[in-house]
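Student: The residues making up each chain are set out below.
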Amino acid sequence: MGNRVVLKTSPAIMTQEKDAWVIQLPRFGAEGNHFHTYGLLTPYFKGLTEGKLMATKCTNAKCPIDHGKGELWLPPRADCPDCHQPMVWEQIKNPTGYIYTFTYVERGGQGLEIECPYYQIDVKIPGVATIVKSYLLDREPIKIGDKVKAGFRTGKDATYTALDLYWELI
Amino acid sequence: MIKFGAGNLRVPKWTRPVYVVAAGQSDFRKRYPEKKLEEICMMAFRMMLEENDLKKDPLDVKGLINLTVCGEFADHFQDQLLCEAKVVDYIGLDPLYNVGVKTGGATGGSAVLMGATTVASGLSDCTLVLGWERMDEVKTWTGNYYIATAACKDFETRLARNYASYYASMARRFQEMYHVDERVRAAIAVKNRGYAYMSPFAQQPGKHTIDEVLNGNIVSDPLRFLECCAMSVGSAALLLCSEEMAYQLTDNPVRLYAAGASHTLRTGDRRHMEIPLLPNESATQYEKLYQEMRINDSRWPGFESFAAARFAAWLAYRMAGVNDPLEDLDVVETHDAFTISDLQTYGDVGLRPYGQEQDFVTSGDCYVKDPKAGKPGKCPTNPSGGLLGTMHAVGATGVFQCNEVFWQIQNKYDKFHGDPGMWSRFGKKKPVDWESLQIKNAKRGLAISHAGVGSHVTCAILEKAW
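Chain order of the listed sequences is A and B. Residues 714 to 883 (our numbering) make up the first sequence, in order. Residues 8 to 473 (our numbering) make up the second sequence, in order.
Hints are computed from structural coordinates only; laboratory data are not their basis. The model shown is predicted, which means the values in this text are computed figures rather than measured ones. Using N, Cα and C, we set each Cβ at its ideal position, and we do this for glycine too. Careful, some of the hints might be misleading.
Computed from the model, here is a short list of chain B residues facing chain A with C-beta under 8 Å [said to hold, decoys possible]:
(1) K10
(2) G14
(3) V18
(4) W148
(5) T149
(6) R168
(7) A175
(8) E183
(9) H186
(10) D188
(11) V226
(12) D304
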């Protein structure tokens with residue numbers, strides 16, 4: 714086993730229906746696949762495959778919580794939970810953050826696509842209201858507060874899933 | 008930041024009081040090939056009707072039931088939708104209405120809460136709450152895959168397919184922010200599995216040591232194997248009645264209050280909010296904690312606590328008139344699916360202020376008998392053996408917790424746990440060093456039922472009514 718975590722997966726089958734990405738999740742062979750849409754969150758998953766981290770924010774001045782000056786949501790949401798108005802997309806450039814908390818996963822459930830053991834990390838990113846759960850490529854010992862930068866599985870490496878976002882120690 | 012509207016925090020007012028009169032359960036096992044699920048449910052149903060010293064014959068009690076609220080967590084495990092219809096038919100309650108409740112790990116607690124509202128509203132005078140789970144049709148790691156489908160499919164499920172990992176990251180943050188010694192978590196595993204040793208129903212009884220827990224294999228760091236509950240098979244039943252019917256059936260009914268709350272499935276999506284204060288807390292007591300949160304970039308409830316547990320208790324305490332949980336509660340059953348969720352809950356339900364949860368263990372308050380001081384603890388938790396020691400047949404769990412609190416209040420711990428016949432019924436022998444875990448003069452108890460990463464929590468309060 715190397716120092717870097719690898720995925721044990723092949724790209725998901727993905728089709729585009731109008732603006733939405735629909736990925737196929739295997740169940741009972743090709744005819745039994747589930748067709749799972751990313752709906753209005755498609756820009757997020759598409760962004761990952763292009764090396765971009767896309768988030769959303771509420772810009773509605775009448776929002777009772779954020780008053781139009783909302784922080785970013787990651788995972789993104791198409792609609793603001795507080796005022797129900799559509800959120801606006803914004804790219805986080807050169808995303809970095811720090812490890813808010815973490816666990817070293819020694820064994821995952823059936824079908825896990827990440828090679829164990831690995832760090833599952835929760836990343837706090839400046840300007841983002843939420844804390845993002847993801848995984849770290851490094852296997853060396855880490856601690857809360859360690860700085861990390863985002864990486865992306867793009868092009869032929871893309872899985873068309875949330876696994877296309879990963880993090881590396883800075 | 009979450010803000011509430013004027014009407015959001017109404018304290019529930021049931022139209023009429025609700026009582027528990029009888030409880031029953033099967034034993035709990037990792038695998039149960041000897042019986043089909045319906046047959047296991049029949050064991051719980053019969054114990055409820057036949058062994059609770061009711062003043063009517065079992066079949067006459069059955070003749071009073073108006074409807075059934077069923078608790079089953081996941082259809083995946085048995086690959087059977089509408090299992091409720093099979094079970095209710097099997098126990099002979101057709102064509103009375105039944106309805107299934109599903110709120111993840113809190114399914115049993117939600118079934119109790121929804122069952123209570125059928126009596127409180129007048130829909131029913133006598134409601135059966137019946138919970139079950141059968142998790143042995145698949146191997147453990149496929150079971151973990153199924154359970155992890157209760158994480159967010161788009162953003163989190165693929166990051167482990169093992170639910171322990173989502174609690175492990177909470178354990179890590181909790182331990183560092185609140186300076187928790189790992190031995191405290193291990194002591195919880197030792198206590199609850201030790202209490203399970205006294206229960207004929209228990210799946211994972213054991214006399215373990217703290218070192219044994221900490222030296223065990225790791226599931227997801229820092230959680231060890233003995234800190235995690237297991238897949239389980241079994242059933243639990245509870246009979247709820249109106250006041251008039253309750254006193255017709257027993258001289259020892261137990262009053263029931265229950266409330267629930269919810270919070271996001273993704274831990275990281277929990278935005279900061281002010282701590283909703285319980286009756287025993289003051290606005291100033293958390294100033295220091297808020298200050299530390301600012302320094303540590305922390306938030307409430309964050310990864311350290313469960314807003315849903317706090318809100319469920321916030322509502323239920325006001326319903327039941329609980330002012331100081333440590334003083335007013337004689338027994339508590341927590342949802343100890345993992346040692347960390349047990350520890351976190353002490354703060355949520357106000358047994359200790361937030362940030363001081365570990366003191367509830369180190370002080371000895373959590374024990375039936377404090378092993379260090381040799382004296383009774385102030386508010387024993389999980390004398391049933393809990394999820395770590397006795398069971399987590401998920402849909403049955405919240406019902407089982409109420410059963411055990413109910414029997415404590417009726418002073419029947421020994422009847423259901425100490426009778427050698429109960430042990431032999433389940434193919435076991437009562438240990439020669441068996442000790443009673445009956446809590447003296449238990450008048451009021453609490454049961455926390457908990458789902459997801461705190462996505463749904465119910466708080467039931469049971470109170471002596473004679």
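Student: Which constraints among the numbered hints does this structure fail? Numbers only, ascending.
Tutor: Hint check: 2, 3, 9, 10 fail, others pass.
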